[in-house]
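Peer 1: Protein chains in written order, with numbering that gives the first Met the number 0: chain A, 0 to 282; chain B, 0 to 312; chain C, 0 to 245.
Check before you lean on any hint, since a few could be wrong.
Said to hold, decoys possible - List time: in silico DMTMM-like cross-link candidates among lysine to aspartate or glutamate, alpha-carbon distance up to 20 Å:
# : chain 1 : residue 1 : chain 2 : residue 2
1 : B       : LYS177    : C       : GLU140
2 : B       : LYS177    : C       : ASP96
3 : C       : LYS163    : C       : ASP96
4 : B       : LYS177    : C       : GLU190
5 : A       : LYS158    : A       : ASP170
6 : C       : LYS163    : C       : GLU190
7 : C       : LYS163    : C       : ASP106
8 : A       : LYS252    : B       : ASP136
Please keep in mind that the hints were generated in silico from the structure rather than gathered at the bench.
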Amino acid sequence: MTWVIHILNGVAYGMLLFLIAAGLSLIYGLMKILNLTHGTFYLVGGYIGLTVMQTTGSFILALIASVLAMALLGAIIERFFLRRFHLDELPQTLLTFGFLFIFADLSLWIWGGNPLMLDEPEILQRSVPMGYYAYPVYRLFLIAVGLAVAGGLWWFQEKTRLGTMLRAGVDDAEIARALGINVSLLFTLVFAVGAALAALAGVLAGPVLSLYPGADFEVLILAFVVVIVGGLGSLRGALAGALLVGILDDFGKAFFPEFALFTVFVPMAVILVLRPTGLFGRR
Amino acid sequence: MKARVWPFIGAVAVLALLIALPDILRPYYVGLATRMLIFALFAMSLDLLLGYAGLASLGHAAYFGVAAYTIALLVLRAGVDSGIAFPAALVAAAIIGALFAPLALRARGSYFLMITFALAQVVWSVAFGWRSLTNGDDGMPGVTRPYFGWSLDNTTSFYYFALAVIGIAALLLFAIVKSPFGRALRGIRESESRMQALGYNVWRHQYAAFVLSAFFAGIAGALYAYFNRFVGPEYLYVVQSAEALIMVILGGAGTLLGPAIGAALIVFLEDFVSSLTEHWVLVLGVIYVLVTLFAPRGLIGLYVDFRQRRALK
Amino acid sequence: MTALAVENVCKNFGGVAALAGVSFDVNEGERRVLLGPNGAGKTTLFHTISGNLMPSAGRVALFGLDITRLRPDLRARHGLARTFQITNLFPRLTVLDSVLLALGGIDGQRLQLFQPPSRQRTRYGEAARLLDRWGLAGTAERIVRTLSYGEQRQLEIALALAGKPRLLLLDEPTAGLSPAETRRVVALVRELPRDMTILMIEHDMDVAFELADRIAVMHQGRLIAEGDEAAIRANQQVTDIYLGAE
Numbered sequence: 000m001t002w003v004i005h006i007l008n009g010v011a012y013g014m015l016l017f018l019i020a021a022g023l024s025l026i027y028g029l030m031k032i033l034n035l036t037h038g039t040f041y042l043v044g045g046y047i048g049l050t051v052m053q054t055t056g057s058f059i060l061a062l063i064a065s066v067l068a069m070a071l072l073g074a075i076i077e078r079f080f081l082r083r084f085h086l087d088e089l090p091q092t093l094l095t096f097g098f099l100f101i102f103a104d105l106s107l108w109i110w111g112g113n114p115l116m117l118d119e120p121e122i123l124q125r126s127v128p129m130g131y132y133a134y135p136v137y138r139l140f141l142i143a144v145g146l147a148v149a150g151g152l153w154w155f156q157e158k159t160r161l162g163t164m165l166r167a168g169v170d171d172a173e174i175a176r177a178l179g180i181n182v183s184l185l186f187t188l189v190f191a192v193g194a195a196l197a198a199l200a201g202v203l204a205g206p207v208l209s210l211y212p213g214a215d216f217e218v219l220i221l222a223f224v225v226v227i228v229g230g231l232g233s234l235r236g237a238l239a240g241a242l243l244v245g246i247l248d249d250f251g252k253a254f255f256p257e258f259a260l261f262t263v264f265v266p267m268a269v270i271l272v273l274r275p276t277g278l279f280g281r282r
Numbered sequence: 000m001k002a003r004v005w006p007f008i009g010a011v012a013v014l015a016l017l018i019a020l021p022d023i024l025r026p027y028y029v030g031l032a033t034r035m036l037i038f039a040l041f042a043m044s045l046d047l048l049l050g051y052a053g054l055a056s057l058g059h060a061a062y063f064g065v066a067a068y069t070i071a072l073l074v075l076r077a078g079v080d081s082g083i084a085f086p087a088a089l090v091a092a093a094i095i096g097a098l099f100a101p102l103a104l105r106a107r108g109s110y111f112l113m114i115t116f117a118l119a120q121v122v123w124s125v126a127f128g129w130r131s132l133t134n135g136d137d138g139m140p141g142v143t144r145p146y147f148g149w150s151l152d153n154t155t156s157f158y159y160f161a162l163a164v165i166g167i168a169a170l171l172l173f174a175i176v177k178s179p180f181g182r183a184l185r186g187i188r189e190s191e192s193r194m195q196a197l198g199y200n201v202w203r204h205q206y207a208a209f210v211l212s213a214f215f216a217g218i219a220g221a222l223y224a225y226f227n228r229f230v231g232p233e234y235l236y237v238v239q240s241a242e243a244l245i246m247v248i249l250g251g252a253g254t255l256l257g258p259a260i261g262a263a264l265i266v267f268l269e270d271f272v273s274s275l276t277e278h279w280v281l282v283l284g285v286i287y288v289l290v291t292l293f294a295p296r297g298l299i300g301l302y303v304d305f306r307q308r309r310a311l312k
Numbered sequence: 000m001t002a003l004a005v006e007n008v009c010k011n012f013g014g015v016a017a018l019a020g021v022s023f024d025v026n027e028g029e030r031r032v033l034l035g036p037n038g039a040g041k042t043t044l045f046h047t048i049s050g051n052l053m054p055s056a057g058r059v060a061l062f063g064l065d066i067t068r069l070r071p072d073l074r075a076r077h078g079l080a081r082t083f084q085i086t087n088l089f090p091r092l093t094v095l096d097s098v099l100l101a102l103g104g105i106d107g108q109r110l111q112l113f114q115p116p117s118r119q120r121t122r123y124g125e126a127a128r129l130l131d132r133w134g135l136a137g138t139a140e141r142i143v144r145t146l147s148y149g150e151q152r153q154l155e156i157a158l159a160l161a162g163k164p165r166l167l168l169l170d171e172p173t174a175g176l177s178p179a180e181t182r183r184v185v186a187l188v189r190e191l192p193r194d195m196t197i198l199m200i201e202h203d204m205d206v207a208f209e210l211a212d213r214i215a216v217m218h219q220g221r222l223i224a225e226g227d228e229a230a231i232r233a234n235q236q237v238t239d240i241y242l243g244a245e
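With the hints as constraints, model all of the structure from the sequences given.
Peer 2: Laid out in structure tokens, this is it:
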């Protein structure tokens with residue numbers, strides 16, 4: 000039964016990683032931007048959710064406020080900063096690094112250095128029996144949300160006109176432009192949605208992982224591992240990679256505490272050697 | 000003639016100033032100057048890869064940190080003499096570079112950034128996680144400085160040691176970029192396909208630049224371990240890698256001198272701002288944004304523009 | 000002797016055949032021009048000869064040596080040089096540096112961290128002569144991207160010639176040049192040593208007929224005609240698809 004618990008924990012964590020990595024991967028796929036601010040959307044999103052929750056007591060409001068705030072921040076960063084350096088990877092990377100620092104310091108200023116926990120919504124504050132253990136419902140809820148978002152993104156990408164544009168854009172921006180797709184709007188939209196998903200992850204992670212300075216970096220790095228493992232620009236890859244990394248991370252922490260991160264990084268290195276484009280990446 | 004004399008006079012003046020520094024400044028500032036020199040070398044080593052070969056790495060801390068950790072591990076865990084550990088550290092840094100290069104060189108642009116970043120994180124995770132060997136997060140204090148017949152334990156003597164090592168390393172770097180190899184790197188930066196058509200083995204040149212760059216970063220890392228008498232996982236962290244990038248860009252990539260100035264400036268600013276406020280990280284973030292927006296070719300670039308504008312008038 | 004043998008070369012891009020089995024030989028010392036409308040596959044063919052693209056099928060031989068799978072830089076070592084249709088220079092280097100790089104191509108497999116001063120002097124001398132010959136002597140210290148388009152096209156050819164190639168591929172050397180510049184380039188190409196084999200893509204009929212010993216005409220990834228000026232002018236198919244279009 001321990002194994003089942005660990006796998007469930009890993010899957011729940013993997014779903015959070017998926018929410019972050021999906022945006023990161025789409026942003027990279029479409030704009031070739033290595034967005035180092037992505038962990039910031041997660042952490043600041045979580046913090047904003049926390050503050051809203053503390054003032055209003057509503058988890059739903061916390062989610063909405065944080066998602067909207069980070070979508071707006073993402074759109075601003077894309078439109079007014081990254082846009083100027085289209086396909087010029089170095090300035091883009093440095094800009095996103097700058098924003099990472101700025102918001103890391105500002106949130107340390109505002110929310111302090113101690114880990115803060117978000118309360119889960121009351122309705123989810125219970126557990127279900129599972130063998131000798133009682134498993135928290137909230138984690139099952141995380142898995143459900145992750146699957147729902149994955150399903151929603153898949154539907155968006157495969158069944159909507161905008162999704163078709165997105166896929167065309169990921170394959171070839173020139174072709175997309177030639178097809179008369181408004182690439183400019185698409186860029187901002189994808190960046191905003193990516194930021195919103197990361198914020199969603201931040202609020203959802205609040206009750207489980209807590210929020211603390213440095214969490215932005217930690218999830219960012221794991222999300223990059225997910226993207227490298229899964230393949231850039233691929234939603235399927237982000238999902239598969241996130242589940243793999245989530246489970247490996249959980250098992251690593253449980254069984255090889257000394258090499259906890261190693262259980263994640265070694266498979267990544269192996270994939271880099273054997274399949275540089277990732278599990279589901281195209282060339 | 001005038002164009003040739005002034006840089007020479009400038010170099011002599013700077014060297015004289017650097018040599019006289021301990022007599023002018025208080026020990027605290029001599030220590031700060033040592034740090035500026037170490038990071039100047041670190042930034043120059045990255046410039047070889049970024050400014051000349053055109054490969055922007057976000058994992059340069061790996062070689063810096065591996066050299067530092069090699070010193071600490073050999074001295075503290077294996078009881079090796081601190082001076083003998085020095086060449087071993089440089090070899091270790093070069094080996095890590097030689098291992099990472101084939102993986103990273105399959106990519107270009109932002110994917111190259113990402114792979115170098117990921118590989119450096121692997122090294123970081125070993126230093127961070129393997130507590131029984133590296134003390135993890137706590138780092139390894141008690142690294143001794145080498146003894147070459149005279150003690151390097153006071154600030155001034157270590158400053159001169161670092162100045163000598165970094166001076167030699169910098170001269171080598173300048174010689175490398177002025178050599179036909181350095182010219183070939185610049186050619187590759189400008190057009191890989193053209194260089195191939197001319198008969199150049201592009202991959203071999205990039206590989207060599209990668210390993211050399213790691214080697215010189217290793218010199219800086221080894222000196223830093225001696226300087227602080229301490230190593231910690233932050234030496235290997237992506238923040239350190241990114242700081243090297245901003246030092247290079249702030250000074251002006253592809254000039255060697257620029258990145259050295261950029262590094263000195265960032266180290267100085269960090270010290271200065273930290274004495275005024277706790278929010279150095281915020282200031283650093285703003286520097287990243289401002290430099291990217293307003294000085295993408297660095298201080299040297301701004302200077303060149305200024306000269307050209309004046310010449311036009 | 001056959002300088003270049005192209006045998007049944009095919010190249011597919013995702014199901015579309017850019018080259019559908021092209022075969023021809025170019026003899027040593029011959030000046031051959033490739034004609035054909037846009038999209039005929041001329042530049043793709045050049046890329047498979049220079050190694051920038053690998054053919055999907057077929058074989059390319061340079062002076063009897065099979066180079067089909069050889070890296071571009073190793074082909075250069077075997078005496079092949081090329082220019083690019085879209086100017087491919089070193090935009091931020093000086094003209095002199097560009098030429099020195101081109102002259103250093105013969106050592107391009109080695110890492111030259113040190114160069115004896117005597118060799119360095121020789122190289123500078125060679126570079127000066129090359130620039131002089133191509134009318135670029137006054138531009139040695141200029142940054143390449145500040146050169147005029149015509150100067151850039153001339154530099155493009157000068158770089159290709161620096162390694163004294165045995166086979167030179169010129170991809171539309173006169174495209175976009177003024178009539179005066181075109182005449183200049185034609186004259187310079189005519190003056191090249193006769194033992195140098197030249198294969199060039201050219202759109203300008205007058206230039207093509209003036210320079211070529213033989214002409215090959217491509218259409219839709221195939222070679223449809225080969226021969227001297229008279230034979231090409233007399234070829235009905237060529238007249239229909241190419242000359243007729245003018």
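Peer 1: All hints are to be evaluated individually against the structure, with a verdict given for each.
Peer 2: The hints, checked one at a time:
Our distance criterion of 20 Å between C-alpha atoms is met by LYS177/B and GLU140/C, whose separation comes to about 16 Å. Taken as a hint, the LYS177/B and ASP96/C pair is honoured in the structure, with Cα atoms around 11 Å apart against an allowance of 20 Å. Restraint check: the Cα-Cα separation between LYS163/C and ASP96/C comes to about 18 Å, which is no more than 20 Å; the hinted pair holds. Distance hint between LYS177/B and GLU190/C is unfulfilled; the C-alpha atoms sit about 35 Å from each other, more than 20 Å.
Among the hinted pairs, LYS158/A with ASP170/A is consistent with the structure: their alpha-carbon atoms are about 17 Å apart, no more than 20 Å. Note on LYS163/C and GLU190/C: the hinted pairing holds, with a Cα-Cα distance of about 14 Å set against a maximum of 20 Å. This hinted pair checks out: LYS163/C and ASP106/C have alpha carbons roughly 13 Å apart, not beyond 20 Å. Using a Cα cut-off of 20 Å, the hinted pair LYS252/A and ASP136/B holds, with the two alpha carbons roughly 16 Å apart.
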